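Participant: Here is how the chains run, residue by residue.
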Amino acid sequence: MITRRDLLKISGLGLGIALLPDGFMLVKASENPQIKPHLWASITKDNYLVLLINKSEMGQGVYTGLSMIVADELDFPWRRVIVKPAPAKDIYIDKKMGSQLTGGSTSIRNMYEFLRLLGASMKEMILESASREWKVPKEKLQAQMGYVSYTNKKASYGELWEKALKLPIPTKVRLKDPSEFLYIGKGAPRIDTEEKVEGKAIFGIDVRRKDMVYAVVERPPYFGAKPQSVDDSQARQMKDVLDVFTISSGVAVCAKTVEGALKGREKLRVGWTKSPLEGFDDERLSQYYLDMLKKKGVVARKDGDPILVLEKAKRKTSAVYLLPYLYHATMEPMACVVDVKEDRCIIYAPVQAQTWTLQTAKRITGLPEDKIEVYTTYLGGGFGRKSNVEFVKEALEISKRIKKPVKLIYTREDDVKSGWYRPMNATRLEGALDEKGRVIAIYHKIAVPAVFEWAGRPSQVDRAAVEGIENMFYEIPHVHVEFVKVDLPIPVWFWRSVGSTHNAFTLETFIDRLAKIGNRDPVELRLELLKNHERAQKVIQVAAEKAGWGKRPKHGDAMGLAYHYSFGSHVAQVAEVSLDKNSGQIRVHRVVCAIDIGPLVVHPDLLISQVESAVVMGLSAATKEKVSFSKNGPISLNFDTYPLLTMSEAPHVEVHIVKSEGPMGGVGEPALPPVAPAVANALLWGYGIQINNLPMTPESIRSLL
Amino acid sequence: MVELYLNGRRYKVNAEEDTPLLWVIREHIGFTGTKFGCGKGICGACTVLVEENPTRSCITPVGSVKGKRIITIEGIPSDHPVKRAWIELDVPQCGYCQPGQIVEAYALLKKKPKASKEEIVSVMSSHLCRCGTYGRILKAIQRAQKLMEVKA
Chain F
1 MITRRDLLKI SGLGLGIALL PDGFMLVKAS ENPQIKPHLW ASITKDNYLV LLINKSEMGQ
61 GVYTGLSMIV ADELDFPWRR VIVKPAPAKD IYIDKKMGSQ LTGGSTSIRN MYEFLRLLGA
121 SMKEMILESA SREWKVPKEK LQAQMGYVSY TNKKASYGEL WEKALKLPIP TKVRLKDPSE
181 FLYIGKGAPR IDTEEKVEGK AIFGIDVRRK DMVYAVVERP PYFGAKPQSV DDSQARQMKD
241 VLDVFTISSG VAVCAKTVEG ALKGREKLRV GWTKSPLEGF DDERLSQYYL DMLKKKGVVA
301 RKDGDPILVL EKAKRKTSAV YLLPYLYHAT MEPMACVVDV KEDRCIIYAP VQAQTWTLQT
361 AKRITGLPED KIEVYTTYLG GGFGRKSNVE FVKEALEISK RIKKPVKLIY TREDDVKSGW
421 YRPMNATRLE GALDEKGRVI AIYHKIAVPA VFEWAGRPSQ VDRAAVEGIE NMFYEIPHVH
481 VEFVKVDLPI PVWFWRSVGS THNAFTLETF IDRLAKIGNR DPVELRLELL KNHERAQKVI
541 QVAAEKAGWG KRPKHGDAMG LAYHYSFGSH VAQVAEVSLD KNSGQIRVHR VVCAIDIGPL
601 VVHPDLLISQ VESAVVMGLS AATKEKVSFS KNGPISLNFD TYPLLTMSEA PHVEVHIVKS
661 EGPMGGVGEP ALPPVAPAVA NALLWGYGIQ INNLPMTPES IRSLL
Chain H
1 MVELYLNGRR YKVNAEEDTP LLWVIREHIG FTGTKFGCGK GICGACTVLV EENPTRSCIT
61 PVGSVKGKRI ITIEGIPSDH PVKRAWIELD VPQCGYCQPG QIVEAYALLK KKPKASKEEI
121 VSVMSSHLCR CGTYGRILKA IQRAQKLMEV KA
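Protein sequence lines, in the order shown, are assigned to chains F and H. Sequence positions in the first sequence follow the numbering used here and run 1 to 705. Sequence positions in the second sequence follow the numbering used here and run 1 to 152.
Since the hints were made in silico from the structure, they are not lab data. Any given hint could turn out to be false.
Stated by the list, open to error - Pairwise CB distance ranges (calculated):
| no. | chain 1 | residue 1 | chain 2 | residue 2 | range |
| --- | --- | --- | --- | --- | --- |
| 1 | F | P698 | H | E52 | 32 to 38 Å |
| 2 | H | R9 | F | K239 | 23 to 29 Å |
| 3 | F | P698 | H | E118 | 19 to 25 Å |
| 4 | F | S703 | H | E119 | 30 to 36 Å |
Source: prediction; values computed, not measured. All residues carry an ideal CB built from backbone N, CA and C; glycine is no exception.
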């Protein structure tokens, strides 16, 4: 019996060489994409379904979730499904995003309908093919689990596929009734687990090409500096070193071996121009952000007259928050393999953004689109970082110059030095209550870099800067939201849940402070503020109830709740926390999460694992993470100085799925924002501590006690 | 020239003795299951077994393990309870750190089949996973303990 793994071996995917499967036609970029099964799927003679998936697998389970949808409508056995990454081509563009891109917790939401239609169309064509072959009306045939049957006749989809493909693509197909679903709503084993457990999954760093050389890049200590003088005489003497040259981001060292490239780089002497950031250490950065907060910004939202109401209010409070730059810390640092030839360019890269990779390759090589092949490997973590393709650009520059296939590897230190952090930010919040303890005014002002502008989409009010605040569901009569753009040349980028990472923290901790001065229960106060938003209310009620809100915490000494809406989903979390007052060490024992992504959860276990993942990442950032800077640049260059949460610090995560009517929401990001404020709120109620700065390290907590 | 005994086979590799074992395994020989994560022995993604001891290959000079028995993720049998438990519980997300985690867990259970939860957490806390699969890793190791009991 041929197993799925054997087939992967045969096709060469296991070796990371032939990522493009046989049997698929590549279309011209200009061709208009519709339901064209031959471009998305193939069924082999021995009845394996091979699917090209246009979203990047970075751990979220998208290969499983998306292929399940096709297999369900097609009525095909799950164990015979094989996924391959779709190359970068116009046909594979996510129409709802206008780009071949994985991000914003949108993959299932955006592709669900299309993939159902694809599977159903394929089934229809297979039935039609059998009907013609056997001269039996289609209605009398049965298509089930990869086989078409009629009385004593039976044929596999694979046997019928070749002829089916020659038939016209049906314009109308019947979609399954939810009661007929095989996998949707139930789930299936992850399609990538076995490869990953065996160490056979091919990530960007694992790709090998014939005659490939290795490259590393020496980067400036601080952003914006350029090489002024390069002494490569010693580096060139090192064993295996082939060439040393300047590229746009620094100085590249190429060698026959990776150790040769690294040793060569050690011997390199580069004099850098002065960085415009020189002198911006942690202290100066903090002061800079706080000063920016005093400047006039752009008003993103104004309801009523919050300034006047705040001035007159008797019960009010205010806070200034300062949150740090965060590093994505994908376990796989940036790495890719690129081969630029005279007439062709091949890229194997762990990217979230195929279209941007293709555009970058066009720009660097000057080749037309149809001469550039972009194949996506598995991503050893993404979290937004790998939608930035500057590292591929570097590899393109190097391969073009050295005229050989190049494997570019970032060391961990290179990865941190390359930047693209979650932006630092300073926020001022003011709030007022009326005599009944109702929230009547919120004044919010944030000084933060414009992430969308860094991604090439500038606007007056950066979407990321105010998301989760400007569009909050809390109904408050007087609201002011203002954005002050910080324009430092420290590169910033999308970091899992983007602006909500900071805005949920500031808003949700502030709501609890208002509850405290108004002697209100924070759950009851939120329910009042959300009285017209049933979905939001429901997740708060479920999380509170499941956690035993109002009773003594089951674990630890204090309990805190936070709610946030992002990426189309409502999430509430309750954190059970204890604090060792001597050391300042906090411990989060359990996080109870209620999540509403709408009426349908395609794969419940993938949702659960995404919530587990988001809670750990959010808690890691909240308690441990901060990119620190000396006067000469970032100094948190590896896991000794940029520690991540470990198993001993990870809480038990309990997930409750709440279903509701409404559009489908996302899963990858929405469970991250609430965890940090839930923990901080537990500290407020349990220990009277107000957290205005992250991370909540033992030292910072001790200073508040 | 260095001679290595890896996953039950002998390899002659043209590498300097001070080259990290990691690069020799991955880039010279081609077993890419062992991952590069930090280069400082902190994250555990590069963990292999040297004479059954979990070893951070990114800080181990290849010259120091000549002639010793080295096992990587590819050398652990597919039907081993640890791998089976990992598959059963769908532990991996991105999967990058998982070979190191599995090798560590394999060594732990070989030495201490009945390791307590506290012992497991203590040993496994030396491995980083950015996807936060810690809860499932713990469950998988406990599941593997059960599978091993049945086998014994």
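Participant: Work down the list of hints and note, for each, if the structure agrees.
Facilitator: Results of checking the hints against the structure:
In this structure the supplied range 32 to 38 Å holds for P698 (chain F) paired with E52 (chain H), their Cβ-Cβ distance being about 37 Å. Checked against the given bound of 23 to 29 Å, the beta carbons of R9 (chain H) and K239 (chain F), roughly 26 Å apart, stay inside it. The hint said 19 to 25 Å for the Cβ distance between P698 (chain F) and E118 (chain H), and at roughly 22 Å that hint holds. A C-beta distance of roughly 35 Å is found between S703 (chain F) and E119 (chain H), which places it inside the suggested range of 30 to 36 Å.
Of the hints listed earlier, there is not a single one the structure fails to meet.
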